[in-house]
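Participant: If you want the building blocks of each chain, they are given just below.
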Amino acid sequence: MKKLFLLLFFILSLQALEINYDHFKYENFKLEYFKDKTNSLTIKQIKKSNFKTINSQNSFSGSVGSVWYRINFKNVSSKTKELFLHDNFAYFSKKIEIYEFSNNTIEDKNQYNILSDAGTNKLAGSTLVYSFKVLPKQVKTLYIKNISMVTSIVNFSIYDQKENLNALLNKTFYSNIIIIILITLGLYNLMLFIYNKRREFLYYALYLFNASIGFIYMYGTLYNNFFIYGKLTYWFNITAILVSLFLVLFIEHTFDTKNSYKNIHKLLNFIIYAVLINILSAFVIDLTFAIELLKVVFTLSFIVLVYFSYILIKTSHPLAKLFIVAYFIYIFGMIITLSSMSNIIPLNFFTFHASGFTLVIEAIIFSYLMNYHVEILEQKVQEQREVIISKNKKAQLGGMINAITHQWKQPLARTTSITSFLEFKLELEGSIHKEELEDKLAQINSNIFFLSSTIDDFKNFFNHNTKKELVDVKAIINKALTFSKDDTLTKEIVIKTDLNFSQNINTYKNELLHVILNILQNSKEAFASSSETTKMIKIFGETINNKVHIDFTDNAGGIAAEDFPFIFDEHYTTKKSDTGSGIGLYLTQKIIQEHLDGSIEAVNIDNGTIFRIII
Amino acid sequence: MNTNFTLLYVEDDKVVQENFTAIFQNYFDNIITTDDGNKALELYENHNIDVAILDISIHGVNGLSLAAKIREHDQEILILMVSAYSDKEKLLQAINLNLLGYLVKPVKTKELKEKLNLIQNKLLKRNMLTLSSNYTWNINTHQLIYYNKVINLSKNETKTIQILIEHKNNFLNSCDIHHLLFVGKEPGDDICNNVTQLLSRLRKKLLKISQSEDYFIQNCYGVGYKINLT
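So the sequence lines, in the order shown, correspond to chains V and P. Position one of the first sequence corresponds to residue 2 (the working numbering), numbered consecutively onward. Position one of the second sequence corresponds to residue -18 (the working numbering), numbered consecutively onward.
Since the hints were derived computationally from the structure, they do not count as laboratory data. Only true hints are included.
DSS-like mimics (lysine-lysine), calculated; alpha carbons at most 25 Å apart, straight line:
#1 P:Lys(-5) x V:Lys435
#2 V:Lys469 x V:Lys591
#3 V:Lys525 x P:Lys71
#4 V:Lys426 x P:Lys89
#5 P:Lys(-5) x V:Lys441
#6 V:Lys539 x V:Lys486
#7 P:Lys71 x V:Lys410
#8 P:Lys89 x V:Lys441
#9 V:Lys460 x V:Lys591
#10 V:Lys475 x V:Lys510
#11 P:Lys69 x V:Lys410
#12 P:Lys94 x V:Lys441
#13 V:Lys486 x P:Lys69
#14 P:Lys89 x V:Lys410
#15 V:Lys426 x P:Lys91
#16 V:Lys426 x P:Lys(-5)
#17 V:Lys259 x V:Lys381
#18 V:Lys410 x P:Lys94
#19 P:Lys(-5) x P:Lys69
#20 V:Lys441 x P:Lys91
#21 P:Lys96 x V:Lys426
#22 V:Lys36 x V:Lys95
#23 V:Lys441 x P:Lys96
#24 P:Lys89 x V:Lys435
#25 P:Lys69 x V:Lys525
#26 P:Lys(-5) x V:Lys486
#27 V:Lys426 x P:Lys103
#28 V:Lys410 x P:Lys91
Please read these numbers as outputs of a predicted model, since none were measured by experiment.
Based on the provided sequences and hints, a complete structural model is requested.
Facilitator: See the structure below:
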């Protein structure tokens, strides 16, 4: 980098680079140019033309035809010097010719056909290296004719033998860093897409890959590292058009403009169509035209995105600030680079790489933004899940109230029968024998205690206890049976249990109870549409390798083949909308997998289903 | 209360059964209890049941089916259902069973009392034969009642009224009555006269009570006696 800040030596009066020192390099010096708009002048005519002075790093706006450059060298030392002229942007040219003069006599003439394949174009990677010798006290003049492709930019430098090699080696370093960072971030977003299947990650990955490909072309990496030459490379310009497409798609999905910003969404879609038309024009008309048209598309998308940024701030979207900062940093870099290439501001290393550097910054900020975005999404998912759980608990509450009603029936009926008896006795006989009264009061008490303990059991189920404890699975199953014992379960369904657990397990008691209740509820609901006369639920349990295996087998007709793959899916229900919420089995599986570290599977048997849970 | 009715009580909860049975004893002399629907049906067939109080949720045949089966044989029997609140809807099926009503568990004492009184009134009414001149006859207890007041009758007076009620469509002369009154004894003229005197005494006694000329036994000279129903 430091090299770039080196003060450069040139002597205006002589209009010649003096070659004096043993060790030298010239990277930003003055040279002369002449525009040949007709692209038809011969070297003889050119020699007589009026050249103007410019920097060795420069750009020309608009179409320029061919540009001639003249550089004078004067060897003021006493040694013969070998010099290396680098045309660093040779890859942006179609054709380059170099004429070497010594004292007005031509010594050498070379022609470079850049669009030719590797090997025949004589490029060293992306650079044209022209070596020549200057004898002591000799003055040499190089005439360089450059016919550009799309962009007319130039960057000449001159080195001795040692610096020549250094320059060739260092050339790709910063460009490659930019590209590698962009590709890495692209892969990161692609992985996020594979992981969470959200399209905005895919589009952002594509956006970065597209930009990387664009920079691979722009920075000459394509030639330096991949040795791809020829007309094909020209088509890499299409990446500049695609930038807007992927950016817009990314924005649409990240901010859910389809639902949240309907008007903006229409504008963004309009940009997508414009990009597609732009791409089509490249194939139907030609690429140069498409690149001219790109300026319109680019301006259009810029205006829309500025407007969108304004809306984002107005609606105080949580991602607004990050998005705007990142986007405008990139736009800033992009404008600098474009300006430097259109001769609006000086072309140099920074201005030329500004778009690359700022895109890296944008990509890093966007990656953070995406991370933040995922967090927000996860928060939403978490909120939804909490809603589901409470919905399920409410559904369970409904079932439990039935169960409580059932459980309370007997003690309530008993208690009132006793009080009725006492009332009748008092009324008809006037008194009650003390012992009889004591006996009846004891009966009332025991019934009231039963009522109270039942309600305590239910209350405990709804209390969150987050501690694992040693749980007697058999007792939990029996409790679940008690809890779900409403009238249907008692009168119509026969329950058989065969539970042989050899040890207690360390787990969350209420969660286990919850899932067993859900499975029983599922069977119970399945029986509602079953014509089976001897309705039966068998519960078989045992301990295998320190794990609890419980099979719930019912004969409620089984699960239809078309439903079977989806039974554990959220919102999937085979029941009519008013009876099934579709979250029972989904939640059951979630709780078993995530809280109880277990598994659940369903197997269809002859005329029913087995649910097996292993914890 | 002095009744001669039989209650069939079907309830599967022992505690409720025990307490309710104790309450029902105030209303019925005979109470047959069981907790099983099938046994209940058997008991019904072997006993002369007047009232059935049936819980819906019992073992074996459920209370409603049991009621339906009983109703097939007997249109007169009074049936009271006892159900849990959640079974209330099932009672809609029982609309054709001509039930006396239902009690919802837990049963309120007041409602129980109302239903038991209703049963008692129905039973009493069913056994009352309304005679003319505001007299009623209790078929079950063989009592003559005048404005809710039981009138003391001799054994033969009671039996005579019974005989007249049994032959309420015909005129019986004193000898016919005597014949039915004293089975086995051959009636003579003087003996037949005893019946005439008995009926005459009864007439005087009752007219004294009612303070009126109206009397429910019609005496048609040369034909015989006949009871007057309204």
